[in-house]
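Engineer: Sequence:
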Amino acid sequence: MPRALILVADGSEEIEFVTPYDVLTRADFEVKSAGISLRNEFYAQSKWKQLTVYSSMSRNIRIVPDYQKLEYTFCEDSAVLDLINDFRRKGKWVATICAATTVLVAAEKKRRGDDGDFDGDTAVVTGHPSVMEEIVESGWGVSQDRVVVDGNLITSRGPGTAILFALTIVEYLCGKEKRDKVAGPMVLAETL
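According to our numbering, the sequence shown is numbered sequentially starting from 518.
Just so you know, not all the hints are guaranteed correct.
Said to hold, decoys possible - In silico DSS-like pairs for lysine-lysine, Cα to Cα no more than 27 Å straight-line:
| no. | residue 1 | residue 2 |
| --- | --- | --- |
| 1 | LYS695 | LYS627 |
| 2 | LYS695 | LYS549 |
| 3 | LYS609 | LYS698 |
| 4 | LYS695 | LYS626 |
| 5 | LYS607 | LYS695 |
| 6 | LYS695 | LYS609 |
| 7 | LYS693 | LYS626 |
| 8 | LYS627 | LYS549 |
| 9 | LYS626 | LYS607 |
| 10 | LYS607 | LYS627 |
| 11 | LYS549 | LYS698 |
| 12 | LYS607 | LYS549 |
| 13 | LYS627 | LYS609 |
| 14 | LYS693 | LYS549 |
| 15 | LYS609 | LYS626 |
If you are wondering where the hints come from, they were derived from the structure by calculation, not from laboratory data.
Construct the entire structure; sequences and hints are all you get.
Structural biologist: Below you can see the structure in the form of structure tokens.
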């Protein structure tokens with residue numbers, strides 16, 4: 518059974534948290550959520566644990582949703598950056614949506630221990646239009662596609678792409694047949 522950990526913090530975008538949680542659960546993933554500072558009642562009811570509880574647990578994928586300036590919360594949290602770098606180093610999946618793609622940039626900066634002047638070997642990603650310039654300036658390749666898969670990274674644009682994002686995670690971790698089995702009963706629009 519694939520296992521996923523969705524990172525959350527105060528102010529996380531609900532649709533970007535709930536949609537992957539729901540879709541992955543439908544695909545028989547064991548889904549857990551963990552956070553760095555959770556005072557919001559919505560998350561208190563969603564079985565969250567503090568991030569340190571999950572730092573050593575085996576998971577197949579880490580998912581980072583976003584909301585407004587939340588990416589700076591995750592970008593400044595060493596535990597989050599270390600988890601992302603650990604997963605990338607081990608070739609495991611990391612998925613970000615919306616402005617949370619900037620967390621990948623921050624994790625890479627921390628890993629390299631530099632000021633972010635990359636040598637061109639970073640992945641192609643996508644994210645919310647409000648952060649694309651920052652991602653480009655950090656040396657990453659960018660795409661305007663709704664969901665982008667490059668290596669062990671899955672990135673997506675924002676709340677409107679959350680279902681496609683979640684189904685892409687299912688497809689890459691479990692196969693197209695599983696994705697189709699999950700998507701069928703959801704009665705999705707012809708194009709997402």
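Engineer: A separate judgement is required for each hint: does it hold in the structure or not?
Structural biologist: Status of the hints after comparison with the structure:
Taking the CA atoms of LYS695 and LYS627, the gap is about 36 Å. The hint is violated against a cut of 27 Å. Pair hint LYS695 plus LYS549 holds up; C-alpha atoms about 20 Å apart against a cutoff of 27 Å. In summary, the hint linking LYS609 to LYS698 is supported, as the alpha carbons are separated by about 24 Å, within the 27 Å threshold. The suggested pairing of LYS695 with LYS626 is violated, with an alpha-carbon distance near 35 Å, which exceeds 27 Å.
Restraint check for LYS607 and LYS695: the C-alpha separation of about 25 Å stays at or below 27 Å, so the hint holds. A threshold of 27 Å between alpha carbons decides the hint, and for LYS695 with LYS609 the separation of about 19 Å falls inside it, so the pair holds. A hinted pair counts as satisfied when its Cα atoms are at most 27 Å apart, and LYS693 with LYS626 does not qualify at roughly 34 Å. Of the supplied pair hints, the one linking LYS627 and LYS549 holds, its CA atoms being roughly 25 Å apart against a limit of 27 Å.
Taking the CA atoms of LYS626 and LYS607, the gap is near 18 Å; set against the 27 Å cutoff, the hint holds. Pair hint LYS607 plus LYS627 holds up; C-alpha atoms about 16 Å apart against a cutoff of 27 Å. Only pairs whose Cα atoms come within 27 Å are accepted, and LYS549 paired with LYS698 is accepted, the gap being roughly 22 Å. A threshold of 27 Å between alpha carbons decides the hint, and for LYS607 with LYS549 the separation of about 20 Å falls inside it, so the pair holds.
As the CA atoms of LYS627 and LYS609 are separated by approximately 18 Å, the hinted pair is consistent with the 27 Å bound. Distance check on the hinted pair: LYS693 and LYS549 sit about 23 Å apart at the alpha-carbon level, within 27 Å; holds. Simply put, LYS609 and LYS626 have alpha-carbon atoms about 19 Å apart, close enough for the 27 Å limit, and the pair holds.
The structure is inconsistent with the numbered hints 1, 4, 7, although it conforms to all the rest.
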